[in-house]
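**Student:** Chains as they are written, first to last, in UniProt numbering: chain L, 1 to 204; chain B, 1 to 204.
Heads up, a few of these hints could be off.
Examples of chain B residues toward chain L, derived with CB under 8 Å [stated by the list, open to error]:
no. : residue
1   : I64
2   : N68
3   : L69
4   : E128
5   : T141
Covered stretches of chain L (in silico footprint by chain B; criterion: 3 or more residues with CB under 8 Å from a CB of chain B, positions within the stretch not fixed) [as the list claims (entries may be wrong)]:
no. : segment
6   : 68–82
7   : 128–137
8   : 177–184
Computed list of chain L residues with no C-beta within reach of chain B, every gap over 10 Å [as the list claims (entries may be wrong)]:
no. : residue
9   : G43
10  : E60
11  : A94
It is worth saying that the hints were derived from the structure and are not from the lab.
All values reported here derive from a predicted model rather than from experimental measurement.
Don't be surprised by glycine CBs; every beta carbon is placed ideally from N, CA and C.
Number of protein chains: 2
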Amino acid sequence: MEKSNDHDKASHGGSGGGATEKWEETSLGIRTAETMLRLAPVGLCVAALVVMLKDSETNEFGSISYSNLTAFRYLVHANGICAGYSLLSAAIAAMPRSSSTMPRVWTFFCLDQLLTYLVLAAGAVSAEVLYLAYNGDSAITWSDACSSYGGFCHRATASVIITFFVVCFYIVLSLISSYKLFTRFDPPSIVDSAKNLEVAVFGS
Amino acid sequence: MEKSNDHDKASHGGSGGGATEKWEETSLGIRTAETMLRLAPVGLCVAALVVMLKDSETNEFGSISYSNLTAFRYLVHANGICAGYSLLSAAIAAMPRSSSTMPRVWTFFCLDQLLTYLVLAAGAVSAEVLYLAYNGDSAITWSDACSSYGGFCHRATASVIITFFVVCFYIVLSLISSYKLFTRFDPPSIVDSAKNLEVAVFGS
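Looking at chain L on its own, in the form it has when it is part of the complex:
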C-alpha cells in the first residue's frame, strides 16, 4: 500500500476501547503469522540436517560418509545454524512488543539477509559436488562416485533439495524484514544547511 500522507490511522490510543481491542486482536494475529513463517523452516532445516547426518554407505567399493565431503559438512552446519536462528527469531517475534523495536527490526533484517546468503551458498555448493559425484569430470580425472554409492547420493540429493526449500523461505523472510525496516524511514533527504532546504536523496 503506497505511502499515504496521514499516518497512524488507528493508533494505539485510537478512537475508544473498541478500536484498541481490535488493534490488539489484529496485532496478535500478525505476530502469530510472522512467528509461523519463522517457525516453518525449522522442520525443513532439521530434516535436511538429519538426512545428511545419517548419510553414509559401506559396500564392496569401500565406505563413504557425508563428513568426507566439505560441501556436505558445510550443508549440515548451515542447516543447523538456520534451525537455531529460526527457533530463536520465532520466539522473539512471538513476544508482545513493549520496548522500542528499531534495534530489533535492524537485527532481524541483517540476520535474515545473512542467513539467506549462508544457506543459499550451502545449497549451491552441495549441488555442485553432487553434480560432480553423479557425472565425474574426465579432464580433471575425477571419476563419478554415485555408480559405486548410489544410496549415498540419493540421500544427499534429498537433503540438498530440502535445503533449497529453506532458501525459498529465507528469501521471503528477508523480503519481509526489509519491508518492515524500510517502511519506517522517510525517503532519505539532504539538508542544505545554507538555506535549510531538505531535498530527497535518490530523487526519482
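Place chain B on chain L using the hints.
**Tutor:** Only chain B this time, still in chain L's reference frame:
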C-alpha cells in the same frame, strides 16, 4: 533518517526558483552516485570473466581449460550477466526521471536481489571446486589437480576472488534498492471493513 510526519519538505515546486535549482543540482548528484555504484561492478565482472575465459593450461600431464568444469562455466556466465545488467541498470539510473518510477523501483529491487543470489552462488560453487582441485578428496577417489596444473588453479583463484568483490557490490546495491522501494510504502495496515478501522500489519 526515521519517519517524520510532514513529507516533501522541498517539493519540486518548492519555495521559489532557488530551491528548484538546488533540488535539480542535488538530484543530479544523487543520480550520478547511484550510476557510479552500478557501473563499478562492470569492471570487476569483466575482469573475472576474462581471467577465467583465458584460463587453460597444457603440460606433460595433459591439458585443462575452464570449460572442463561446470562451476567455472557457470562463473563465466554469471559474471557476463552481471556485467550486462550493471551496464544497463547504470544507464537507466542515469536517465532523468519523468514517468512514474514505481515499476522501475520494483524492477531494480527484484533484479538486484536475483543477481546478488546468482553471483553469490557462482562464487561459492567455484570456490568449492577450487578447494577440491587444491586438496582432492581421497574418500571419493578424487585426486588434487593443482599439483599438475598450478597456473590454471592460480588464475581460477584470482577470478573467484574478484567475483566475491562483485558479490559485495551487489549486496550493497540490493540493500539500496530495497531501501528506495520500501521507503515509498507506509507500514502495511489492514482495513477492518466492519468499522473501517485501519490497523498496522507486522505491528511492533
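**Student:** Close enough to count: is the Cβ of B/N68 nearer than 8 Å to one in chain L?
**Tutor:** holds, 3 Å
**Student:** Are three or more residues of the segment 128–137 of chain L within 8 Å, CB to CB, of chain B?
**Tutor:** holds (count 6)
**Student:** How about B/L69: closest beta carbon in chain L under 8 Å, or not?
**Tutor:** holds, 6 Å
**Student:** Per the coverage rule (Cβ-Cβ under 8 Å, at least three residues), is the segment 177–184 of chain L covered by chain B?
**Tutor:** n = 7 at 8 Å, threshold three: holds.
**Student:** Looking at L/E60 again, its CB stays over 10 Å from all of chain B?
**Tutor:** Consistent with the label, L/E60 stays out of reach of chain B, its closest Cβ about 14 Å off (over 10 Å).
**Student:** Does B/E128 hold up as a contact with chain L if the rule is Cβ-Cβ below 8 Å?
**Tutor:** holds, 4 Å
**Student:** Does the claim that L/A94 lies outside the interface with chain B hold up, using a Cβ gap greater than 10 Å?
**Tutor:** holds, 12 Å
**Student:** Using Cβ atoms and 10 Å as the threshold, tell me whether L/G43 really stays out of contact range of chain B.
**Tutor:** holds, 23 Å
**Student:** Is the interface hint for B/T141 satisfied, with its Cβ closer than 8 Å to some Cβ of chain L?
**Tutor:** Result: holds, 6 Å to nearest chain L Cβ.
**Student:** Test coverage of the segment 68–82 of chain L by chain B using CB-CB distances below 8 Å; three residues minimum.
**Tutor:** holds (count 4)
**Student:** For the hint on B/I64, just tell me whether its beta-carbon gets within less than 8 Å of chain L.
**Tutor:** Holds, about 5 Å.
Every hint from the earlier list agrees with this structure, and none is contradicted.
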